[in-house]
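With the sequences and hints as input, model every part of the structure.
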Amino acid sequence: MIRRIFAGFIMIWALGFLWFSITLPGPMEGDGAQAAIVPTGAAGRIERGLEVLAAGDVKEMLVTGVDPEVRPSEFAAQFDVPMQLMECCVYLGFDAVDTRGNASEAAGWIEEHNVDVVRLVTTDWHMRRAAYELRRLLPASVTIVEDSVRSEPSLRILFLEYHKLLAGYISAIWRG
463 MIRRIFAGFI MIWALGFLWF SITLPGPMEG DGAQAAIVPT GAAGRIERGL
513 EVLAAGDVKE MLVTGVDPEV RPSEFAAQFD VPMQLMECCV YLGFDAVDTR
563 GNASEAAGWI EEHNVDVVRL VTTDWHMRRA AYELRRLLPA SVTIVEDSVR
613 SEPSLRILFL EYHKLLAGYI SAIWRG
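Using this note's numbering, you'd call the opening residue of the sequence shown number 463 and step up by one each time.
Zero decoy hints are in this set.
Pair ranges (Cβ atoms, derived):
no., residue 1, residue 2, range
1, W636, R533, 37 to 43 Å
2, R618, E574, 34 to 40 Å
3, P489, E574, 25 to 31 Å
4, G570, L547, 20 to 26 Å
5, F556, M463, 51 to 57 Å
6, D578, L480, 32 to 38 Å
7, E531, I472, 41 to 47 Å
8, A505, M463, 44 to 50 Å
9, E513, H575, 17 to 23 Å
10, R612, G478, 17 to 23 Å
11, G563, R466, 37 to 43 Å
12, F621, A517, 30 to 36 Å
13, L480, C550, 41 to 47 Å
14, T485, M548, 34 to 40 Å
The calculated lysine to any residue pairs, modelled on SDA-like cross-linking and capped at a C-alpha distance of 25 Å, are:
no., residue 1, residue 2
15, K626, A504
16, K626, W475
17, K521, M545
18, K521, L600
No lab work stands behind these hints, which were simulated from the structure alone.
Bear in mind that the values here come from a model prediction, so they are computed numbers and not experimental data.
From the three backbone atoms N, C-alpha and C, an ideal C-beta is built for every residue, glycine too.
Structure representation (structure tokens):
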């Protein structure tokens with residue numbers, strides 16, 4: 463009996479991992495969002511956020527989880543952002559150090575800026591967990607549009623991210 467229960471859990475875990483790995487979300491084109499939230503991390507995230515901002519798909523962008531040592535002028539130089547755009551539309555958040563921190567920092571910024579529709583820009587393998595953490599903190603009236611940056615994640619990254627997502631779900635259930 464215990465073997466069957468254990469085998470059932472292994473089967474559910476394996477099918478979940480397979481689903482997670484082969485159905486990574488993709489990029490989004492124009493969506494009516496007011497602002498973009500871009501957690502720092504893997505390559506391409508900030509560039510995609512700036513692309514969406516430059517195209518006029520959003521009016522503002524928060525980059526969350528920026529190292530406190532980074533100055534806006536350094537950020538602008540690294541990503542070739544005109545200072546006029548930095549001053550009006552790009553906000554750097556320095557408080558987050560992980561995905562939960564990104565969600566917390568973003569939720570506060572979204573509330574402060576009265577955003578109703580936000581475009582979350584992150585890597586495809588990170589999207590599910592980032593969106594989950596952000597949704598937990600936002601009122602139901604705020605819509606999150608997912609815009610994933612395509613990548614070629616290693617099996618190791620997929621394995622770790624899948625387990626972090628599961629841990630987030632289990633933690634939420636445990637907390638009630």
